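If you read the first sequence in our numbering, its first letter stands for residue 491, the second for the next number, and so on.
Worth flagging that the hints you see were computed from the coordinates, not collected in a lab. Keep in mind the model is a prediction, meaning the values are calculated, not measured. Hints are not guaranteed to be accurate.
Capping the alpha-carbon separation at 16 Å, the derived lysine to aspartate or glutamate pairs in EDC-like fashion look like this [what the hints assert, rightly or not]:
(1) 974 with 511
(2) 1084 with 1173
(3) 1021 with 972
(4) 1327 with 1346
Label pairs and their computed distance ranges (CB to CB) [what the hints assert, rightly or not]:
(5) 777 with 653: 32 to 40 Å
(6) 1210 with 649: 39 to 47 Å
(7) 1024 with 1253: 16 to 24 Å
(8) 753 with 583: 43 to 51 Å
(9) 1032 with 592: 29 to 37 Å
(10) 805 with 1032: 46 to 54 Å
(11) 777 with 753: 14 to 22 Å
(12) 1219 with 1327: 54 to 62 Å
(13) 749 with 969: 52 to 60 Å
(14) 1219 with 496: 19 to 27 Å
(15) 808 with 679: 21 to 29 Å
(16) 799 with 595: 22 to 30 Å
(17) 1210 with 878: 35 to 43 Å
Note that beta-carbon positions come from the ideal geometry of N, C-alpha and C, so glycine has one too.
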Amino acid sequence: MKAPKNYQPAEIEGKWYDYWESKGFFHSEPDGRTPYTIVIPPPNVTGILHMGHILNNTLQDVLTRRARMSGLNACWVPGTDHASISTEAKVVAMLREKGISKSDLTRDRFMEYAWEWREKYGGIILKQLRTLGASCDWQRTKFTMDADMSESVIKVFVDLHGKGLIYRGVRMVNWDPAARTALSDEEVIHRETQGKLYYLRYMIEGGDGYVVVATTRPETILGDVAVCVNPADGRYAALRGKRVTVPLVNRSVPVIEDDYVEVEFGTGALKITPAHDVNDYVLGERFSLETIDIFNDDGTMNDRVGMYVGQDRFAVREQIAKDLEAAGLMERVEDYTNKVGYSERTGVAIEPKLSMQWFLKMESLAKPALEAVMDDTVRFVPAKYKNTYNHWMSGIRDWCISRQLWWGQRIPAYFLPATAGGGYVVAETPDEALKLAREKSGDAALALADLRQDEDVLDTWFSSWLWPVSVFDGIRNPDNADIKYYYPTNDLVTAPDIIFFWVARMIMSGLEYRGGRPFGAVYFNGTVRDKFGRKMSKSLGNSPDPLDLIARYGADGVRLGMMLSTSAGNDIMFDEAMCEQGRNFGNKIWNAWKLVESWRDGAVAGAQPESARLAGEWFEAALSKALAQIDADFAEYRISDALMTTYKLFWDDFSGWYLEIVKPAYGAAIDPATLARAIDFFERLLQMLHPFIPFVTEELWHCTRERSADDCVTVSSMPTAAEQRPEPLARFDLMREAVTAIRAIRRTRNIPMRDAIDLKVAADENYPAELAPVLSKMAGLASIEPVSAKAPDWDAFIVKTTQYFVPVGAAFDRDAELEKLRGELKYQQGFLATVMKKLSNERFVASAPPAVVAAEQTKRADAEARIAALEQRMGSI
RNA sequence: GGGUGCUUAGCUCAGUUGGUUCAGAGCAUUACCUUGACAGGGUAGGGGUCACUGGUUCGAAUCCAGUAGCACCCACCA
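Work out the full structure: start from the sequences and follow the hints.
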């Protein structure tokens, strides 16, 4: 196959993905090879691709493709998450547009709508990942609400309940009034919020005067049951044992004393609303106070107190402030900034609410999971996240796992009728539940219809925490071939913001259900920000559409752009220029091939020039060095470094030097040996590049020679590093320096490359004589002749310790040359002085390692040689 | 309020246990080049008091302390 004339990413990318997939290259089954497994962080089933996905999935694809080419059995399991709150919210919104209210529907009917919605809009993101080139094993695609996945979740719930780790109870939880469900602590985001501090007067009973209480939430006075002061606060000593009247509500409440109250803050007097504040709840329990819940589930006022009924909490706040003012009970109002909790999903302010929920005890699960990370059984990259993890795991609290939603796995708890003694049973199936219920109640006549299943579903994370196990069916069938082969997975690539939601809990469940870590390493990728460092968001409109970027720069270009500037744990400042750089690199690869291809078409039999042979030896060593470096980079998850090494190898060493050296003169043909070697190098480079830039490398792979249908770079074997040979590389670098210096002379003397020039060399051990043919070709030399260091009026330069001269005839400027030499001499003398200072320092010689002292002595010898050469030259011109 | 991390060239970042010319890379930038793969390119350059202050050391971008700024995480001061 011959490459089209120009590099047009859009023209080549589409076909290759379909081809790879049709060949089944991405599908994995257990076999004799070592597995390499990644499970995708499942995106929301109704989500669409954003820049964060591009970063996250490109990283996974690079790792997966590299593993696949390295002889491992690579398996990247894709899938989606049912995301119960946000998906249910979307379905509710969709129904509302149709004029249907969720409350008008039965649970079953709602679920039908939700599944329909998922069928229609779910999984778009998985198609988009194909566009990016993600080499997932699509035959293994999972959804957290697939029947088998849900079964696993239920099985785990039942198991943990049986172990006594799951309990049900009334607790103060984070209530989301928009989604009308409880949330876990992790789903609450605390943000500084500009508010007001209201100072309210509570009249003292049986006397005159009042006590002033400061609050940010005056609407909650409807639920006040006490006023609390610090017993050590002398100002309020007279209040001891008194009662006060809640403003407007006119409820008589006691004054209680507790040192929880800060004397310094506000007025030192605190109103107590046990139903709507976590701390107040604690105090309420301590003092056996009543709890008065004043809100409906949606954040409006209920009829418990009979005031402001049905009005929203924030409207009530404004109204009640006015009413208090009118009643003369408002002392003053101050601007005040405090932290308020918001729902991670709906964005509304969280309402602390007392309610009956299911909880998972975390302590015993967390302990081994903490150890696994601290001792690097699970390696965190970068390691700094171990601190974060440690901190959270050490102070972990129980996990509220119930949600008042329908979209999700329904909690498998079945309540017995009061007539059968009440209580509940937990079971994987209704039949099992009935059996247990009959045993529990002793009532053999109990029917399924008598049991009432819990209405709540489980937190989405209660299914995704099983992901690395459940995608291989390791919960239901713990001994199946897949789980035994693929588990534990190798790398997890994810964002640090879900370290607690997901990563920590997967480690817990993996240890609990597989007895071992779920993955060997966790690579945390940073947040994608715009070039000003701002988070990408819809409201700012600063997030580019990834598909649009791919259309303009190619998936290859976008991937490269991302990988060029990402290091683990660091945010990525995205700039479209990065994609441009990526596309330009694709173009470079393309055109390099076009050059080689043009030689192939005109090759004729002939002997290999010495310069080409030497270049081949050198590039072989350079390639091997790069391979070793790349291996080291990947071992440390330094993906961008690995890419940069490959990038420079291709652009600078291969294109800039190797191809230029072996390039035949204009109109001349190439010899077969050189051509074969050039193609061989090019193919190996394609393989090294492929994990990063899969499409163009596959296209060109099929250009370098005739290939069978299955012969794709995607499934080829990655080249491996040969024994390292630093010597030839160092010699080549000396030669390159000479070439650069000669080019500089050409530039200053205005000598074009087509005019061959003569080079004189005062050869010493640092002169790479064996590379003379290469030097000659790259510098455009007519001849290279030995010369004594005593040089006449020629331009000169020194490489390491070797003196080179270029006769430039009348163009030689003696004064300018002397000036240059004086400058150079001064620099060298200064350098020598610093070296001598060290060497003459007895303490340095005594305490520095011998190798360092020896190095300084070498520096001294080299500097002295250069100075001698410079002085000699200054004397001779 | 507590914790963690960061601050190196215009931008994005490397710099592993202090010591080879350690002050680097890519991009951007400057000059020149309409040369025969590629102007999405080539060649040759310029550019930094390593945030600040003190300390340890023969020697500090690197270790220690403090200061300033930034980021993130955790936390029940109404």
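We went through each hint and held it up to the structure:
no.	hint	in the structure
1	974 with 511	violated, 26 Å
2	1084 with 1173	holds, 13 Å
3	1021 with 972	violated, 44 Å
4	1327 with 1346	holds, 10 Å
5	777 with 653: 32 to 40 Å	holds, 35 Å
6	1210 with 649: 39 to 47 Å	holds, 46 Å
7	1024 with 1253: 16 to 24 Å	violated, 59 Å
8	753 with 583: 43 to 51 Å	holds, 48 Å
9	1032 with 592: 29 to 37 Å	holds, 34 Å
10	805 with 1032: 46 to 54 Å	violated, 33 Å
11	777 with 753: 14 to 22 Å	holds, 19 Å
12	1219 with 1327: 54 to 62 Å	violated, 32 Å
13	749 with 969: 52 to 60 Å	holds, 57 Å
14	1219 with 496: 19 to 27 Å	violated, 35 Å
15	808 with 679: 21 to 29 Å	holds, 24 Å
16	799 with 595: 22 to 30 Å	holds, 27 Å
17	1210 with 878: 35 to 43 Å	holds, 37 Å
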